[in-house]
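Chemist: Chain order of the listed sequences is A and B.
Residues 1 to 248 in the numbering used here are what the first sequence spells out, letter by letter.
Residues 1 to 264 in the numbering used here are what the second sequence spells out, letter by letter.
Worth double-checking, as some hints may not be accurate.
Just the calculated beta-carbon pair ranges, DEER-fashion [said to hold, decoys possible]:
1. B:S146 x A:D242: 20 to 28 Å
2. B:A207 x A:H87: 24 to 32 Å
3. A:D118 x B:S146: 50 to 58 Å
4. A:A97 x B:I181: 25 to 33 Å
5. B:S146 x A:A12: 38 to 46 Å
6. A:E120 x B:G227: 45 to 53 Å
7. B:R224 x A:A184: 25 to 33 Å
To spell it out: a stretch of chain B is covered by chain A in this simulated footprint if at least three of its residues, at any positions, have a beta carbon under 8 Å from a beta carbon of chain A; those stretches are [to be verified]:
8. 20–29
9. 56–66
10. 118–129
11. 183–195
12. 224–231
No lab work stands behind these hints, which were simulated from the structure alone.
For every residue, glycine included, the Cβ atom is placed at its ideal position computed from N, Cα and C.
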Amino acid sequence: VIGGAGGPLDEATREQLRRMQEFLVRLYFSDELQLRCLENPVELRLDLGIEPRFWSVVPELTRDGFRAECRGRRLLVARDIAGAYPHTIECLVPALAGGEGERVAALERSDAFTAFLDSEYFWSSRWSLPHPAGLGRGYEVIGKFFNWTLSTFGLREATAPRALRERAYVEFAGHLVALAAYDAHHCLGPARAGVRFCSSHAGRAGDIVVDPALDVRHYESLPESLRALPKLEHLLDELFADARGVAA
Amino acid sequence: MTRIKLGARWDALGQNGRFARAVEHSLVDYAEINVPCAADDWSSELGLPVLAHTSLNPLASACGIPEPVARGVKALADAMDSPWIGEHLSWLSPEATGALGYVFTPFALEELVEQAAHNVRCLRAFYGRPIALELAPVYSEYPGCSSEIELLNDVARRSDSGIIVDLAHLVISNRNLQRPIDYGLDLFDSSRVVELHVAGMRKSRDARFWHDAHGLVPGDDVVRFAGELARAYPNLKAVTLEHSADAPEADFFASLDRLRAVLS
Chain A
1 VIGGAGGPLD EATREQLRRM QEFLVRLYFS DELQLRCLEN PVELRLDLGI EPRFWSVVPE
61 LTRDGFRAEC RGRRLLVARD IAGAYPHTIE CLVPALAGGE GERVAALERS DAFTAFLDSE
121 YFWSSRWSLP HPAGLGRGYE VIGKFFNWTL STFGLREATA PRALRERAYV EFAGHLVALA
181 AYDAHHCLGP ARAGVRFCSS HAGRAGDIVV DPALDVRHYE SLPESLRALP KLEHLLDELF
241 ADARGVAA
Chain B
1 MTRIKLGARW DALGQNGRFA RAVEHSLVDY AEINVPCAAD DWSSELGLPV LAHTSLNPLA
61 SACGIPEPVA RGVKALADAM DSPWIGEHLS WLSPEATGAL GYVFTPFALE ELVEQAAHNV
121 RCLRAFYGRP IALELAPVYS EYPGCSSEIE LLNDVARRSD SGIIVDLAHL VISNRNLQRP
181 IDYGLDLFDS SRVVELHVAG MRKSRDARFW HDAHGLVPGD DVVRFAGELA RAYPNLKAVT
241 LEHSADAPEA DFFASLDRLR AVLS
């Protein structure tokens, strides 16, 4: 880390700044936090351990400008997710239709999207994919959204909704394979050759392969030549081992 | 030849063709490369000087600045001998690393100014070259001081940094806050301004608010201000057009032509 500690501020003041940073950044995305801040700001401030003089810079949440900025920020996240998961979101947002703009706006307004933004999957870098240029985690939302979907809808269980599971796996696998092609730091390397996964956890299932050209192929019995491809769920276990460990 | 150089932002391989043609017609003097990007894809054979720029260092973060991004920026700046490095005065996320989309302009309490100035001083020492600071557009009245410009001036002064005036961001902020369109042009610490950014903007479909739009050409006000400030800021050295790789090439050339005309 460059900077941070070692400057003219004492640790207690820096901790106040850190808490304000966390609170204000979250405020732009979280309906839940905005509601608490509007209904009982003093209680919220005390819960967060923030001193009154720092609280003086909290924006007025009912002002048009603040609302517009929140919406713009949510739309940017929604646009990334709609771009990577065009079919998955059809299972999550009722009657999703229209062009790209309408679909992004509908996703942004949806309960599912709000629940994602209020979850730790959105907030914590641990649930994001490592950046292919070696910057570390937390610079993308595609992996975070997949992990949220996986957990929220129990996609690793035998009872997982089949259509949602298949769409989410196929679209995430495509993203992973495409990203691995630019992976200069070998975090995602094994996915470069493509990935495979079972089409369902329930009973007898075939396999689905996403290859390096991002073609999706379904197999009732996987050919020998493709059995060496990495399994998506093994990759997930490796990529998010730390996050799962902390969550557990 | 004017003392002020005209350049353009470069993000991706797809822009190399238009940069080559712009060099052929003497429309650009340098490229501003944004990190992280595939800098290896940049057409170094064009021989253009390079300015390094990033929006991925949270200069105002109480947690400090994660080293991996800074390392990438330093590597580019060293390889290209960038005369300064452009940075955003911002938070990026609620935690020590990562970015949740577009940069967040921090609040302006004395303690935050001190922390940001400390971070910038440390970053400058790490880079071993000057830093120039830029603001994002704002959407709400700025709590803690008279305007976001005061915050920028304060941090720049305490960290001995340059300033990048992003004219599109400033006009967007002025429209959003219903300030006069030229508000702030005389408020920046003029001796510290080394670079201007020029870009397009768009209005919300369903609200009165404006947003950055690099796919559009810069508006008349922004281009006119660039010409005026070229004469008003004594240490201004560079004017950078920010124009998306997927926007029409003809717009890119026309915008450079207009800027060249007002700067000459």
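Chemist: Hint by hint, where does the structure go against what was stated? Just the numbers, ascending.
Modeler: Numbers 1, 3, 4, 5, 7, 8, 11 and 12, in rising order.
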